[in-house]
Amino acid sequence: MRLLALATLLVVWSSIVAAGPPQSPKTTTRAATTRVTTTTTAVPTPPGSGKKCTPSPRTRLTIMTFNIYDGGSSLLKVAQAIRAADADLVGLQEVHAEGVPCTADICDPANDTSAAYPLADLVGFKYVYEQTKKNDAIWANAIISRFPLSDPTPNDLGVRVHVPGGRTVYAFNLHLDDAPYQPYQALGIEYGDWPYTNKSDELVCWATLTRGPSIDLLEKDINSVKNLDAAFLFGDFNEPSHLDWTDAAVRIGLHPLAVPFPTSRMVASLGFVDTYRTKYPSVVEKPGLTWTPTTAPDDLTDHHDRIDFVYAKSKTLIVHDVGIVGEKKPDADIIVTPWPSDHRSVFARVSF
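Under mature numbering (1 follows the signal peptide of the UniProt record, and there is no 0), the letters of the sequence shown match residues -19 to -1, 1 to 333, in that order.
Hints in this document: simulated from the structure, not taken from any laboratory. This structure is a prediction, so every number in the text was calculated from the model and none was measured. Possibly wrong hints are sitting among the right ones.
[As the list claims (entries may be wrong)] Derived pair list, reagent style EDC-like, types lysine to aspartate or glutamate, alpha-carbon separation capped at 16 Å:
1. Lys115 / Asp202
2. Lys201 / Asp137
3. Lys260 / Asp302
4. Lys294 / Glu171
5. Lys58 / Glu308
6. Lys296 / Asp210
7. Lys180 / Asp102
8. Lys114 / Asp228
9. Lys201 / Asp117
10. Lys115 / Glu183
11. Lys260 / Asp314
12. Lys58 / Asp323
13. Lys114 / Asp132
14. Lys267 / Asp210
15. Lys107 / Asp117
16. Lys114 / Asp137
17. Lys294 / Asp159
18. Lys115 / Asp89
19. Lys310 / Glu266
20. Lys58 / Asp102
21. Lys114 / Asp89
22. Lys115 / Asp228
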C-alpha cells in the first residue's frame, strides 16, 4: 500500500511539473519620457522550501543606428524615420557636416552646430550625449535617448543608459574610418590612393590596419564598466560583415568573393551578437543593405553592402524584431520619402 501511494504521488507530482507554472498576463508601465515593458511569471513555492521564486522583469528597448549624412540635410525627415521605428535609443553619426577639405585621406568634421540637439527636440527625447573626444572610433557621433545618459567611458565611446529598474546598461556608438574601403579595393573602384586587391587575406589585412585600433579602444571602454546587465553597440562601421561576404553570397552575385572581415569577428569575440543576422541568418534571403540608396544596384562605380549595425550583448538577450528604415521596398521595412541620408538606418527590438 505504501508503494502504491508513493507511486500515485509521483504520478500527480509529474503531471504538475509537466504542466508548468501558471502564467500571468503581461504588464506595461508607461511614463512621459520612459517606456519599459515587464513580463513576470507566477512561480509556485517549491515543496518544503518555504521560499518563493521571484523572476526578474524583462526590459524591452528599441535600439537604432543612423548615419544622418553631413550634419543632417533634412532633420524633419530624420526625425520622421526615428519616430516611425519607435526607437528608444539612437546612435547617430555625422551630426556635424564635413569640413573643408574632405577627401578619402583627410576629412574632419566642420566646426558647426551639432544636429543632435535639434533632432532630439523634434523626436521628443530629453537626453543627448555628444561624443567630443578625437580618436579613430569617433567622427561626429552622438547618442539621443528617451532615458537619462551619464558616466561616459574613458575613450568616449560609450555612455550609461538609465533604464527603469536600475539595471546597468551601456550604449557604445562608433563611426569607423572609411579609407581604405575594402569593397572598393576588391572591385577596383577608385577611392583614395590605395592599392586594389581581390585576395581575401590581403583585404582582411587592410581592414585590420584600418579599424583594428578602434576596436582596441572599444574593448578598453567595455572593460572599464563592471557588472553590465546589457550593452548595445551601434554605428557606421564602414566595413562589411564576415557573415555577409560568404560563399553563398558569391554564388548569387551579391559580393565578389568570400572574405572573413575582421571587425565583425572582433566584435563577436567581445560577446556581442549581430541583431540583424540573429533574426535573419541568410544573407541570400535578407541581405539588409544599408549602403547606399543613392546609387543603382548595377552602378559600376559603387557596391551596395551592409555596413551599419546594431549589436547587443546580454546573458538574457532576446531579439524580437529587426529591420531597415529607408526609401522604398524591398530595400527597407519602414519607408520614409524622400529619404534624407546616403545610408539606410537599422533598428532592433530586444529584451533582456
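Status of each hint after checking the structure:
1. With a C-alpha separation of about 15 Å, the suggested pairing of Lys115 with Asp202 holds against the 16 Å cut-off.
2. At most 16 Å may separate the alpha-carbon atoms for a hinted pair to count; Lys201 and Asp137 meet this at roughly 11 Å.
3. Restraint check: the Cα-Cα separation between Lys260 and Asp302 comes to about 7 Å, which is no more than 16 Å; the hinted pair holds.
4. Simply put, Lys294 and Glu171 have alpha-carbon atoms about 37 Å apart, too far for the 16 Å limit, and the pair is violated.
5. For the suggested pair Lys58 and Glu308, the alpha carbons sit about 11 Å apart, so the restraint of at most 16 Å is met.
6. For the suggested pair Lys296 and Asp210, the alpha carbons sit about 8 Å apart, so the restraint of at most 16 Å is met.
7. Restraint check for Lys180 and Asp102: not satisfied, since their Cα atoms lie roughly 47 Å apart, outside the 16 Å limit.
8. A threshold of 16 Å between alpha carbons decides the hint, and for Lys114 with Asp228 the separation of about 39 Å lies outside it, so the pair is violated.
9. Only pairs whose Cα atoms come within 16 Å are accepted, and Lys201 paired with Asp117 is accepted, the gap being roughly 14 Å.
10. For the given pair, Lys115 sits about 28 Å from Glu183 by alpha-carbon distance, which is inconsistent with the 16 Å threshold.
11. A threshold of 16 Å between alpha carbons decides the hint, and for Lys260 with Asp314 the separation of about 14 Å falls inside it, so the pair holds.
12. Under the criterion of a C-alpha separation no larger than 16 Å, the hint pairing Lys58 with Asp323 is consistent with the structure, at around 13 Å.
13. At roughly 14 Å between alpha-carbon atoms, Lys114 and Asp132 fall within 16 Å of each other, so this suggested pair holds.
14. Between Lys267 and Asp210 the alpha-carbon distance is near 30 Å, which puts this suggested pair outside the 16 Å criterion.
15. Between Lys107 and Asp117, the direct Cα distance comes to roughly 28 Å. Violation of the 16 Å bound is thereby established for this hinted pair.
16. Annotation: proposed proximity of Lys114 to Asp137 holds, straight-line Cα distance about 6 Å (limit 16 Å).
17. At roughly 25 Å between alpha-carbon atoms, Lys294 and Asp159 are farther apart than 16 Å, so this suggested pair is violated.
18. Pair hint Lys115 plus Asp89 holds up; C-alpha atoms about 10 Å apart against a cutoff of 16 Å.
19. The straight-line distance between the Cα atoms of Lys310 and Glu266 is roughly 14 Å, inside the 16 Å bound, and the hint therefore holds.
20. A hinted pair counts as satisfied when its Cα atoms are at most 16 Å apart, and Lys58 with Asp102 qualifies at roughly 13 Å.
21. With a C-alpha separation of about 13 Å, the suggested pair Lys114 and Asp89 falls inside the 16 Å cut-off, and the hint holds.
22. At most 16 Å may separate the alpha-carbon atoms for a hinted pair to count; Lys115 and Asp228 exceed this at roughly 38 Å.
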